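Read off the chains here:
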Amino acid sequence: MSIVPKETIEVIAQSIGINNLSDDAALSLAPDVEYRMREIMQEAIKCMRHSRRTILTTDDVDGALNLRNVEPVYGFTSGGPLQFKRAIGHRDLFYIDDSDVDLKDVIEAPLPKAPLDTGVVCHWLAIEGVQPAIPENAPVGAIAAPSNGTTYEQKEELPVDIKLPVKHVLSRELQLYFDKITELTLRKSDSTLFKEALVSLATDSGLHPLVPYFTYFISDEVSRGLNDYSLLFALMRVVWSLLQNPHIHIEPYLHQLMPSVVTCLVSKKLGNRIADNHWELRDFTAKLVASICKRFGHVYNTLQTRLTKTLLNALLDPKRALTQHYGAVQGLAALGPNVVRLLILPNLEPYLRLLEPELLLEKQKNEMKRYEAWRIYGVLLRAAGQSIFERLKNFPPLPSTPAHAIWKSKEKVVTEAPTLNNIHASR
Amino acid sequence: MENMQAVNSFVAAYLKKKGFKEAEQLLEDLQKESAPIDFHNDPDLAKFIHHFSQSEDDVARYQDGYSKLRSWTYSSLDLYKHELLRVLYPVFIHSFMDLVAKGHLQEARTFFNAFHEDHELMHSRDLQKLEGVLSQSHLEEMEFARSLRQNKVNIKICQYSYGLLLQYLHKTQSTAMLGVINEHINFQVTSGQPGSISDDTEVVTLIGSCQDAASLINQKEIHWGLLEDSLEERLEKEGGLLSDSEKAEAENKEGDVDDSKKRSVEGGKQGASTKKLKKDKAVNATAKSARPEAKPTPAAPRVKPELTLPVMSTEVEQSILEDLRNRVQLSSVALPSVSFYTFLNTHNGLNCSSISQDGSLVAGGFSDSSLKVWDMAKLGQQAGSSTLQGENDSTSSEHVAGPNGVKRSYTLFRGHSGPVYSATFSPLGDFILSSSADTTIRLWSTKLNANLVCYKGHNYPVWDVQFSPVGHYFASSSHDRTARIWSMDRIQPLRIMAGHLSDVDCVQWHANCNYIATGSSDRTVRLWDVQSGECVRIFIGHRSMILSLAMSPDGRYMASGDEDGTIMMWDLSSGRCVTPLMGHTSCVWSLAFSCEGTVLASGSADCTVKLWDVTTSTKAPKNEEKSGNPNRLRSLKTLATKSSPVYSLRFSRRNLLFAAGVLSKNV
Numbered sequence: 001m002s003i004v005p006k007e008t009i010e011v012i013a014q015s016i017g018i019n020n021l022s023d024d025a026a027l028s029l030a031p032d033v034e035y036r037m038r039e040i041m042q043e044a045i046k047c048m049r050h051s052r053r054t055i056l057t058t059d060d061v062d063g064a065l066n067l068r069n070v071e072p073v074y075g076f077t078s079g080g081p082l083q084f085k086r087a088i089g090h091r092d093l094f095y096i097d098d099s100d101v102d103l104k105d106v107i108e109a110p111l112p113k114a115p116l117d118t119g120v121v122c123h124w125l126a127i128e129g130v131q132p133a134i135p136e137n138a139p140v141g142a143i144a145a146p147s148n149g150t151t152y153e154q155k156e157e158l159p160v161d162i163k164l165p166v167k168h169v170l171s172r173e174l175q176l177y178f179d180k181i182t183e184l185t186l187r188k189s190d191s192t193l194f195k196e197a198l199v200s201l202a203t204d205s206g207l208h209p210l211v212p213y214f215t216y217f218i219s220d221e222v223s224r225g226l227n228d229y230s231l232l233f234a235l236m237r238v239v240w241s242l243l244q245n246p247h248i249h250i251e252p253y254l255h256q257l258m259p260s261v262v263t264c265l266v267s268k269k270l271g272n273r274i275a276d277n278h279w280e281l282r283d284f285t286a287k288l289v290a291s292i293c294k295r296f297g298h299v300y301n302t303l304q305t306r307l308t309k310t311l312l313n314a315l316l317d318p319k320r321a322l323t324q325h326y327g328a329v330q331g332l333a334a335l336g337p338n339v340v341r342l343l344i345l346p347n348l349e350p351y352l353r354l355l356e357p358e359l360l361l362e363k364q365k366n367e368m369k370r371y372e373a374w375r376i377y378g379v380l381l382r383a384a385g386q387s388i389f390e391r392l393k394n395f396p397p398l399p400s401t402p403a404h405a406i407w408k409s410k411e412k413v414v415t416e417a418p419t420l421n422n423i424h425a426s427r
Numbered sequence: 001m002e003n004m005q006a007v008n009s010f011v012a013a014y015l016k017k018k019g020f021k022e023a024e025q026l027l028e029d030l031q032k033e034s035a036p037i038d039f040h041n042d043p044d045l046a047k048f049i050h051h052f053s054q055s056e057d058d059v060a061r062y063q064d065g066y067s068k069l070r071s072w073t074y075s076s077l078d079l080y081k082h083e084l085l086r087v088l089y090p091v092f093i094h095s096f097m098d099l100v101a102k103g104h105l106q107e108a109r110t111f112f113n114a115f116h117e118d119h120e121l122m123h124s125r126d127l128q129k130l131e132g133v134l135s136q137s138h139l140e141e142m143e144f145a146r147s148l149r150q151n152k153v154n155i156k157i158c159q160y161s162y163g164l165l166l167q168y169l170h171k172t173q174s175t176a177m178l179g180v181i182n183e184h185i186n187f188q189v190t191s192g193q194p195g196s197i198s199d200d201t202e203v204v205t206l207i208g209s210c211q212d213a214a215s216l217i218n219q220k221e222i223h224w225g226l227l228e229d230s231l232e233e234r235l236e237k238e239g240g241l242l243s244d245s246e247k248a249e250a251e252n253k254e255g256d257v258d259d260s261k262k263r264s265v266e267g268g269k270q271g272a273s274t275k276k277l278k279k280d281k282a283v284n285a286t287a288k289s290a291r292p293e294a295k296p297t298p299a300a301p302r303v304k305p306e307l308t309l310p311v312m313s314t315e316v317e318q319s320i321l322e323d324l325r326n327r328v329q330l331s332s333v334a335l336p337s338v339s340f341y342t343f344l345n346t347h348n349g350l351n352c353s354s355i356s357q358d359g360s361l362v363a364g365g366f367s368d369s370s371l372k373v374w375d376m377a378k379l380g381q382q383a384g385s386s387t388l389q390g391e392n393d394s395t396s397s398e399h400v401a402g403p404n405g406v407k408r409s410y411t412l413f414r415g416h417s418g419p420v421y422s423a424t425f426s427p428l429g430d431f432i433l434s435s436s437a438d439t440t441i442r443l444w445s446t447k448l449n450a451n452l453v454c455y456k457g458h459n460y461p462v463w464d465v466q467f468s469p470v471g472h473y474f475a476s477s478s479h480d481r482t483a484r485i486w487s488m489d490r491i492q493p494l495r496i497m498a499g500h501l502s503d504v505d506c507v508q509w510h511a512n513c514n515y516i517a518t519g520s521s522d523r524t525v526r527l528w529d530v531q532s533g534e535c536v537r538i539f540i541g542h543r544s545m546i547l548s549l550a551m552s553p554d555g556r557y558m559a560s561g562d563e564d565g566t567i568m569m570w571d572l573s574s575g576r577c578v579t580p581l582m583g584h585t586s587c588v589w590s591l592a593f594s595c596e597g598t599v600l601a602s603g604s605a606d607c608t609v610k611l612w613d614v615t616t617s618t619k620a621p622k623n624e625e626k627s628g629n630p631n632r633l634r635s636l637k638t639l640a641t642k643s644s645p646v647y648s649l650r651f652s653r654r655n656l657l658f659a660a661g662v663l664s665k666n667v
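If you read the sequences in order, they're chains A and B. Note that the first sequence covers residues 1 to 427 in full-length UniProt numbering. Note that the second sequence covers residues 1 to 667 in full-length UniProt numbering.
Same shape as in the complex, but just chain A (with noise of 0.2 Å):
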């Protein structure tokens, strides 16, 4: 009947005194019981709502109890979640588990801590609408993706990290962090953890503090360790990540960033074993200058310009090695096939000339050299495809025959025209 049952009323007759109190009367008084109940439940939960919170405590029922002019229930207020324990012989029996208390323990056990006193401390939520990407503010991603649970994220998730925004003072878990993450850079660059970190760089909110400490570890390393191929592939990925990054603004720090990246691409020697790839490491630089000039190349119109004056004059430089030509090919190939068809197109046929001596057996002897250069003719005409296929693309009534007639009037070029072509008709 009633959600009272009249065992607990005869029970609460029991603690006051009443033995005999019959079955009919228990039963009459459950569901009023339950009623009343209910009653302070509601005032308890009014109280609740006015105090702004959506839970309910002891304090509220004592108000709910005040309002109904109750003596409020003792011994409630203070303490820990109340546990109830089954009376040992009855089923449906519980009461709420009441340690005793040695008064002169109390007495003697020293002063608790003074609880920290109430404070306020201010931050912007938003400006002009845009939330800023500080620690005081949720961070974004994290609400979409809790599984990225890094161990900076568990920290963040503490109240203590809510600090004054101070400049110039990182806090003790941003310090932290960019050691992990400079210790995995140096050492560890081949482990699952650092990729775990590239992900952390790429998605955290509230990096930003650390932004200019990471340019700076990245120019520093990139000038001292261009003999480590590992370091350097490692430093642009860390690159990669920043950029990566939604909630940092990078901007204010690419002119520091983009000397180190330059060097990546177009440095004569990068690693001093034979076994490294620097071939892949510049294809890899190639496409993170590509991105950058993309994303930035609006805000500072003057970025593509002086990079592209930088590779064409890495490229037209006959001083310079072969490794250097081939990053600067790379480079601006990534730029697109407007950049190619403007720059690398007319000077094809100068480079060409230069190069051919290179790529022959009887002329270069050293067999390195001529892998290299046939290597920059494999780009140069990847490069040069790309930006003719590009072209093509805008006319697509016509067939390749156009191509064909361009490159049939240079003729001076023999051996790779026909190459292109077949190139072309493979597409």
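So, partial list: chain A residues that the calculated Cβ filter (under 7 Å) puts toward chain B:
1) Lys46
2) Gly119
3) Val121
4) Gly129
Computed spacing ranges between beta-carbons, pair by pair:
5) Ile107(A) to Thr638(B): 50 to 56 Å
6) Ser22(A) to Arg414(B): 49 to 55 Å
7) Lys113(A) to Lys456(B): 36 to 42 Å
8) Thr638(B) to Tyr300(A): 29 to 35 Å
9) Tyr300(A) to Leu412(B): 50 to 56 Å
To give a feel for the contact side, a few chain B residues facing chain A, derived at Cβ under 7 Å:
10) Leu134
11) Ser337
12) Tyr341
13) Trp463
The hints are simulated quantities; they were obtained by calculation from the structure and are not laboratory data. All of these numbers come straight from a predicted model, not from anything done at the bench. For every residue, glycine included, the Cβ atom is placed at its ideal position computed from N, Cα and C.
Given chain A's structure and the hints, the job is docking chain B onto it.
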């Protein structure tokens, strides 16, 4: 003839049982002296009487009848189903209460448990209340149940559905159901097609105890226009002096204003006047486009103040004018900046917070009866993190040294003897009012750091207190189901607004100070005339307790937020809901309109501040009847805080949004 005998004996048994001795006697006499009356031969009637006598204690027919009615409704035609479903809920609760009233408590409980799930979705809170009704005396005692039983429910239903229902009831002889329906439901039969499912508001309100009264009250005329000769108006005029064309425009506007004033005095038919105004606005549109920073709704009618307003000093006036000139225009594309104040280490004790007009002072009311005020300008200096842009008037609250010499960062106001539930700053920031569970309201001075007055009048905890937009007057609301209007210089209330059926949880002043709005646990919002103390509007539509209210600066609209996270925009003149704003998942603690009324900000227990575009509604009023529902208000942005429920919001005069919340671990 046998049949006859049976009927007579049933009737006799019935009368005996009911204790109608005289009638019984009379019947016996009648039987003896006269031949049986021939209408007893009517088998239908016999059956009916049969039903009555035999099943008087047969409570199963409620259960039976209801379950049959239910399955019939669910299998009825799709087109009419939702209308018929509306009938089910009142039948259900009244059947339940009838059973309780007749003393069949066990059966009532089984009945309730069997069918309450059907209505959980729409009426969970009502059902929770009713579930507690366990005896006849509870029915009497519980106001909700009493009002339900005393009032009839209005249900709009189309001709055909009504026919279907009657046919069914007659065919199946379910007298119990028929009785409930006759006794408690008032059908408003409309001809033509059944209504659409979307006007479900009626379903919610059909429990409203005073629907007729409400619609009657909502007929009353209200003048929602802004005050004459307000500073904003003056500013506009000042701007008009700059050049000839603008001057002309300003005059034009004034003409507008006069026009509309006259009209509202004449007829008070706001609908007509707004339509006219719209036309006028269209004429003005070209002129206005030349000056992009013009106010979006300059044509709001002006009204005279009903209260004597306090006089403003010229310096204050100047500073306000300065603020108005420097105001950032907000719109759906230009969102406000939000400065967030986070309370730390409150140990679950903060009950409310309030932010002064310029954002420099933040007050918090605590459950340990204290009121603490922080001067953010000084705090900023200390921590080196001042983020306020010169809006801080330097107010002089000293940093009080604690008892043990440790400097506190706040000013502590002690005086209440119960949890402080609400605090409000006067418009100039020199006074604070706080309301508490000790039934008093206290006035504090931020200049003197002292308690000035203690206002006693309420009999129960005072849930909310709000200064009027002009200062001096304030309104309070309490658990004693009243709202009261006070002035600072009297310790007795000036007006008592009584009428809510449950606690008055929140109160808010209208922009022109002639009205106050109150939100209550009875799930209605009421608008009261300050001068007469009468209720002039009842807004019905919320499904749970109202927690927050906000008035649009042009005085035309009101927003209210409830426990479930629903925000409703109301048109004050028509008393109807413009549109509900859904999005929050928990209690909406605070609402605020931007100064030109284009953006509504809402702060909630789900740790977000949401910004809503309300321009669509304010620019094109009154056309929802014509063209469906074009003014969908939309959510512009959700700003998530870091596990801090948002307690209060405030737009500064320059349209910077201040928000305050508590960093809490368990949210």
